[in-house]
Structure formats: structure tokens, C-alpha cells
Amino acid sequence: MDTQIEPRTAGGEEIHTEEIMVNMGPQHPSTHGVLRAVLTLDGERITGVDCDIGYLHRCFEKVSEKLTYPQIIPYTDRADYLGGMTNELAFVLTVEQALGIEVPRRAQFIRVIMSELQRIHSHLIWFGTFGLDLGATTPFLYSFRDREVISDFFEEVSGARMMYNYMRVGGVRNDITAAWVEKVREFLRRFPAYLQEYDDLLTGNPILKARTRGIGRIDAATAIAYGASGPVLRASGVAYDLRKNDPYLVYDELSFEVATATEGDVLARYRVRLKEMRESARLVQQALEGLPEGDFLGKAPRIIKLPPGHYYGHVEGPRGEVGCYIVSDGDRRPYRLHWRAPSFVHLQLLPIMAKGHFMGDMVAIIGSIDIVMGEVDR
Amino acid sequence: MMAVWRQVAEGVTGVIKGHVVTLRNLFRRPVTYRYPQVRPELPVGTRGIPVLLSDEEGKLLCTACEVCARECPVQVIHISAHRDENKKKVLDEFDIDVSRCMFCGICAEVCAFGAIAMSDVYELADFEQDRLIYNKDRLAEIGRRRRGPIINYGIKTEGPRYGPEPAATAASPAPAAKTSPPEGAKP
Amino acid sequence: MALALAAPALAGGNLYTRAQQLFLDLGLPPWIFAILVAAVKVALILVFILLNVLFLIWLERKLGGHLQNRLGPVYTGPFGLLQTVADALKVLVKEDVIPAAADRWAFIVAPFIAFVPALMIWLVVPFGPGLQARDLSIGVLYVAALSGLIIPSLLTAGWSSGSKWSLLGAFRAGAQLISYEVPLLLAQLAVVVWAGSLSLNDIVRAQQQGTWFILLQPVGFIVYLIAAIAELNRTPFDLPEAESELVAGFNTEYSGFRFAIFFLTEYANLLTSSAIAATLFLGGWSGPWLPPFVWFLLKTYVFVFIAMWVRFTLPRLRVDQLMNFAWKLLLPVALLNVVVTGAIVAL
Amino acid sequence: MTTTLLVFLALAAVSLFAAWRVVTDPQIMHAGLWMGLSFVGVAGIFLLLTAEFLAGVQILIYVGAITTIILFGIMLSDIGEVKEEEPPLLSLPGRAKRPGTPVAVLAAGAFVLALILLYRDVAWTSLPAAGTLSTAPGAGTPAGGLWEGFSVKLIGQALFGEYALPAEAASVLLLAALLGALVLAAREEG
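Chains as they are written, first to last, in the working numbering: chain A, 44 to 421; chain B, 240 to 426; chain C, -5 to 341; chain D, 1256 to 1445.
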């Protein structure tokens, strides 16, 4: 179905109908937080999208300038509150890289396990809310049912279900126990059945396919030009994954596939994320197998002071490249910290994706880029 | 023509499959529970509000060194102390503004005396904002009331620990004690 | 329900004649008695609908909960049965907000334009043999006519709210209801052709003699099912109030009592559609062993269950797909069904 | 008979009042709603005359369809309220004058006259005679009116028997209108 607007002409002259301007948000059921999108509608067709952000601005970057490095770690959890582990990892890796600290192998494996569990965790939320955006309430509750299990894992190991404060410069805060490993193994055994249930419930549904195929299409060139990363980029056919392209931790020792699709539409992003969940489960499995004995926290200076200079570290978060850019003047506190938030980058693509589609597609598109407003505004 | 029929068949089976999934779940045990009556079993080491620990005689372990207040990222700990005749610090006030606390656990982590721990108290709603500033008596009271072991997490904590000693080594939390995922988590 | 069960005694049985006699003996004109009987009937039907609607709302939430691995309402009353009552009380004591931008007059009137016809439909629904307020010869047409009145109501509600979301919701509602009314009527028409009567009572009796029309009209039943769910604005056709797109569609600005009326109408219409489906396709009150009224209720709730099950399984269609589905698939199928039915009946 | 008369008077009053409001209400949306009410009143009168089919059709088409279309039209065109300085199209005596008023009154009078003349010679009594033609017992309950249960069948027989040609001609006309509308709408799409 062609969903582009064709100029409507009669007798050579363009016919204009009155356009409606609608404020979608800041309080709206499907903007995933407080996003205000000013839509220009021609009937139900979207002719323009203007995103207004900043409703959730908490001065994360500015506050960081007043905090010591260990104190910043809990703040990173709150930038993208659905990807705490990977955010902490991005920050901690940057600091370690600046200090030249060697992290024990066990800690590296634990970090991989946490990152991948976090990815599954985040994608499960995305799956549920995406279903919710499309009007199916049940996937949301099923995915939350399964996500709760991972939350329990995190709570057991870090003490919190969302704001973990788990990564440390030089390792992780707590060790994982054999009982915990066994529980995760048990979860991984059941996980394919969960995914099968999601597939039966939503993926195979003709309404979902009709709603998502060909919607919000973005080609590889545009995606790269806008700096997209993560599933949004990979769904456009670019097999770019930091875990492969710039391996950190022990990702180069583990085998996994980079999930890609070529269509670049909502359905492609949907498929990529579902595939990624499977791959992440595989990664956790491998990391659990190969988990070595040893320290979970290496040697780090008592007072962390970064040598003057610029440092950038990045990891593959659930939403894309999470980057941490630190400018240090040698103090215990960063001179400047910049957070590269994938959601913020992907939000710029929204007007391009949404133009010419229907009101209802707008919701599907926002859902498919999986924005977290906490990360956009920081 | 065949393609159209295949598409129709796919669509119909897709819809039917979805209905089978929901119907199957209709006969499963719900995973939710009646919250205030049925409570989740929290793992050891859950981070509720930070509390003050006391020794066996009920004396607070805190020495008013103010490390926690300094290290708190959100600056919610207020401590005041005076020196007694032996030039020893005596704790006068120890307030935590729970309404701003983000439960990161850094205070418990940095305390060299093991005087602060994260409790398993998480129901903190109150009608007055003033009541959300917990003074040292309230914090100590919660600390004495604790159920099960409180594990003072942290990297450098080696001070005396209140409650039964966990089985594992000093820094490892041994959270395997008595946790179980909420019932019905298995489909 | 117990009250409704007592209705045969009032309508056709001994009590009726005796009461009539009493009135004539008292020397009162017969029309007073007629009005009284009518009032009793109306009261019984109202009680029946309201009780059922209360139950339906609870059922929707409870069933939805269990379909989604949740408990559903549990706190108010046994199994949370009183949840609806509690909610109704809460809604009724809410502040009555009429937006400043609203057209006051139309805003107030709109819910009732839908509510009154939704109740009036029940005049012709046969609860059991002789258990019918009035057996109109145009029963099916009457139902169709009254259920169509919801469209002006929604349009008025959406327009008068003075909110863009409401307006968009109203446009969607209007377009959708008009589109799906056509296949809905055609599906009913096939049954009418087969039964040879528009009267709901006759249709039930025709099924009593033959088989249920769901066996003779499987296509018609499926078309009816789909179109009825669309008419009820339920998922997957709940575009007029799609919360993820339009906040709450035409009733975005409604609150308190008027919102309750809309809510009530929605569930009354669900009940109505289910009752009509039971009457047209599932043999109405006919059935062995159990009393006819119980059969009628059971069959009604079969349809209710299907509607709720569908709601908690499927995602929502998009507005253009909704229209395409109605006009390009459902309508031809329904038309074909009528033609084939006509041919079979004529032969 | 008193009940019927009372109900008739009430319905007639409602219809007339609604009709009067249709032409006087400054808010066009309200006028549309008044029109719907007026139609409902007329449907009630039909019901009173035991012309149930006609009543049903009146509601279905006039209220359900025509009013809806008009409301749709008003909503889409965003006319809103007629301004105070602009008098309504038809002004009542005493309000601001409109040159069209006498013409409108004349036209309406002529229409009423024509209707009276047309229907004066209709033999209303022929209906019961036709009723005897129908051998089907119908489904009327004992409580129903005399012709209840017959009217639908009669109308059906008349439409597809005696008046088949006019009925078909009318449907062809409607089809043509439908196609015309489609063509007009399609051209806009370019």
C-alpha cells in the first residue's frame, strides 16, 4: 500500500484542505514518557512532526561535574532507566580506559552476563509497550511477567530492580553465586518457550504485519547520516554492532550473530529486536559456561583521579551506542561529561519516519524506535 | 491467486494461534498476588532505606566521621556531632531525607565502621513531607527491627557487622540465603 | 435476574388476567392498566440491563486479568464482584467538568442520545417464550434502526467537546460505524431471509423447528461477529477511542456522570449485540433441560466471552485498514452470503 | 383512544417544535440535532399509525443516515455559530429582516397545498382490502395492532410486485448518484 501523500490537484491547481495541529503529549498515553510531538495533520495523515523535548531534563551532565567518579555511577542508571547495566558499563569502561586498569576476567564475564540480561530485559519492555501502542494489551503483561524474573536476578545480585549501581571501576560490586547462576540457567531454558509465545501471540498476527510493514521506513544512508545505531540501524541493513566492530569485555571470545534486516521499516526493527533477544540469551549461556573463577573486583585506586585529557568509551546498549565522553582536568571530578544517548539520536529520525503516514502509524513508529525519554533529556 | 490464499490462510492461523495463547494463559495460575496481604520475599541485600546499625547493647556504631555525608551523591545525609571531654566525637544528629534519597547504597558502602546498612524497608509513603526526614532514632529503630540478616555491601567494609555473619567471604554477599522468585514465575 | 424471571407471570400468566380483572373491577379505565404493565416491563428490563452491565464490566476485568496472568479485581467483595459498584460510586461523586471550549448544550445531550436507544432496543429482545416486552413485526429492523442512533451521539460528543482528539475520535467513530453497519445488516438479512420474518420471536421459533442458524449461516455468523465487534468499538476495531493514538477519542473530555453514561452505553450495547447474536444465530431461548431464560443468558454470554477474548488477544487495526476491511472484504462476503441464502431459500 | 391522541399530540408538538428550532437555531450543529429529533417524532407518529416498517426505516435512514451525514458535513466544514450581526437564513417576524423570508413562506405554502391536493384523492381504505390478499398469518401477537405483522409483507409484495418498476428506477437513480459522487471524489485524488 502506498502511504505517501500525493499532491492532490484538480485542474492544475492544488487543493488545500485545512490542516489540524495537534499536540501529542507531553502527557499522552503513547509517547513513552514526556515527549511533546506537535503534529500537523491532513485528516489523519501526518504532514509534519515537530518534537519538543526537555520535559524530563535532570541536568545529568551538569550534575556530573560536581560529583566524584564513583558517585556518577548511580546517576548513569537514571539516564536510560531501562538500560542501567549498559550505561554503568559505558561509564566504567571509559574511566578504566583512562586509568589503564586491568579488569579481572571473572568481572568481565559477569559484566557480559549483566549486559545481555539487561538487553533482554529492555527488549522485553519494548515488546510489551510496542504491543500496547498497537492496541494489544496482553503482550505487555506477558513480557512483564518474564521481565520480572530478570529483575529478580538483578535485585538479588545488586540489591535493586532498576537502579543497580552495580558496576565499579575495576570490576563489579558483588560476586555472583552458584545458586544465582543456576537460576539464570533455568530461566534461559524456559526463555525459548516465552519467545515462542510472543511469536504466536503477536508476530504471526496479520494485523501486526499490516500495521508495521512498510511503515516508518528509513534507508541505510539516512540512518548512518543521522548517526543511528543499535536495532534502528541494523534494521536498515547495516550490520554495525559495537560488540563485533569494537569488541569490549570478552565479546570477541563469544559467538553470536548480529541481527539485521534490510527493510528498515517498523516490522524490520521488530524482527531485529526479537532476534537480538535470542542472541543475547545465547551470549548469557556462553558466558555462564565460560565463567572463570577469580576476583570480581580488581585493583583500583582509592581516590579516582583521571589524568587530564579527553576520553570516550562506548558500549552497545539495548537501544544503540551508549557513549560516555569525559573531559578531565586531573581532578576527582570530571571537568565535563557528555552522554551520547541513542534515543536522542533516534528521535531526530522521527519526523522523517512519520511523514506521510497515518496518526496510528505515528504510535507504531515511536514504539519501534524504542525511545526512553529519560535518556533523551538526561 | 495462490499467494492470496496462502496469505489468507496465514492470517487466519495467525489470529487463531494468538487466541490459543491467551486461552492457554487463562487456565494458568496468575503471577500477581494480593500485595499488602501477600508480600514478596526480598532477596538478602535488597536496597531499601539506609538505616543505622547498633551493637548488642543497642549503642549506635556510627562514629560521626561524616564519610557517608560526604560521599552521598544527592547529599541527603546530615550529621552533627560534638566532642566530649575525651575529645571523642559524639553523634548528635543523623538525618536522612528519604524523599530525596536514591537508594544507591554508597553510604553503606563507604562506611568503614559498618554502621549504615541498606534495610528492606521500602514502603515510605507519608502524609507529611517532614516525616520523610528520618532522624537517628528512627533510623536506629528500623535497624534493630530488621528481619533476617542485613548485609553491609561494599567493597571496603570490614567493620563489625550486625546480625548473623553471612556464609561467604567478607565482600561476597552470598545472596542465596532464602530467595525464591515470586510464585507462578514459571509458566 | 430473579425479577426478570418473574416476568412471565406478569406478562402472560394468571397474574396478568387477575390483575387486569382487579383494575376493571375498580372501575379504572383500561389504559391506566396498560400503562402500568408497560412501566413494570420497562422497569424489569432496566434492572436486567443494569445488573448485567455491572456484571459485564466486572467480567471483562476479571477475564482480562486471568487471560493476562493477572488476578483482576480482588479486593471489593467476593472475587472483587463489587468493584464495578465501587467504581460507579467513585465516578458519580467526581466533579462534573464541562470544558470551557465545549458546546455546553450538545456536550450534555450527547451521552443520552446513545444511552436511551441502547435501552430501548431491549423492548423486542425475546428472553423466553412470551417473555418479550413487545413482539414487533419489524424486530430486526427496529434493532438496526436504534443501534444506528449511536452515531449522531458520538459525533455530537466529539464535536461538542471542543478538543481535537475528541473530534478525530468522532470522525473515526462515525466513519467506522457507518461502514460496519452495512455488513452487520446484511448478515442479519441473511437470517431474516432464511426465517422469513423480521420478528425476533419468529426467528427463534424458526430455529426451534429447524436447526440453529449458526449451522446454516456460518459465514453470516462470522460476518456478524466481526461487524458487531466493530460496531461496539472494541479491539481490534477500537479506533474511535484508541488510547495510544487519540488519548480516549470522543470521550476524552467526559468525566463523572456523563462518562459513566457512555461507559454504561458501551456495555449495554455489548450485551445487546450478544443477545441479538444469541437470538439470530444460536437459537435464542430454545434449548433442552434448562429454563429458556437460562439458555438465553448462557448463549448471550458465549458471545460476550468471544468478544472479550478477542479484545485481549488482538492488536488494533489502522484507520484505513479498518475501512478496507469493511468495504473490500466484509461487505462482498456478506453480500454473497445474502445472495446464496436467497437462492437456497428460493429453490 | 385518549392515550393515542395524547401521545400523538405530544409527538406532534415535539416534531413541530424541533422543526421550528431547525430553522431558527443560530448554532448549525444544534440545528442538525434538532432535525434528528424532529425525525424521531415523525417516526413515533408512524409507529402510532401502526406503520412500523415505515417508522423503522424513518429512524434508520433519516436519523441514522441523513442526520449523521449532515452532522458530518457541518463538522468537516467548521461553520460553527451564525454570527449575531448576520441574521439567520429564515428570520421570524420581529427579528432582523431577510429578503428571502416571504419567498420561503410562499414556497412552503405552495408545497403544503400541493401535498393536500395530491393526497386528497388517495383511497386510504384500500389498505385493509389489500390485507385480505395476504394469506400468511404473520407473527403478530394478540396484543398487536390490526395490521401488525402484515405491513412488512405487504410492502415487500408491493415493492417487488406492482411497483417493481418504479422501485428499480429509484435504485438505478441512487446508483447513478453514488457513482457520480465516487467520480467526483476520485477526481480530487488526482
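Possibly wrong hints are sitting among the right ones.
[Claimed, not checked] Derived list of chain A stretches under chain C, where covered just means 3 residues or more per stretch with a C-beta under 8 Å from a C-beta of chain C:
#, segment
1, 122 to 131
2, 170 to 180
3, 342 to 348
4, 354 to 361
[As the list claims (entries may be wrong)] Some chain B residues well away from chain C (every beta-carbon gap over 12 Å; in silico):
#, residue
5, 247
6, 268
7, 294
Simulated from the structure, these hints should not be mistaken for lab results. Quantities reported herein were computed from a predicted structural model and do not represent experimental measurements. Backbone N, C-alpha and C define an ideal beta-carbon position, used for all residues, glycine too.
*Of the hints given before, which are not true for this structure?*
1, 3, 4, 5, 6
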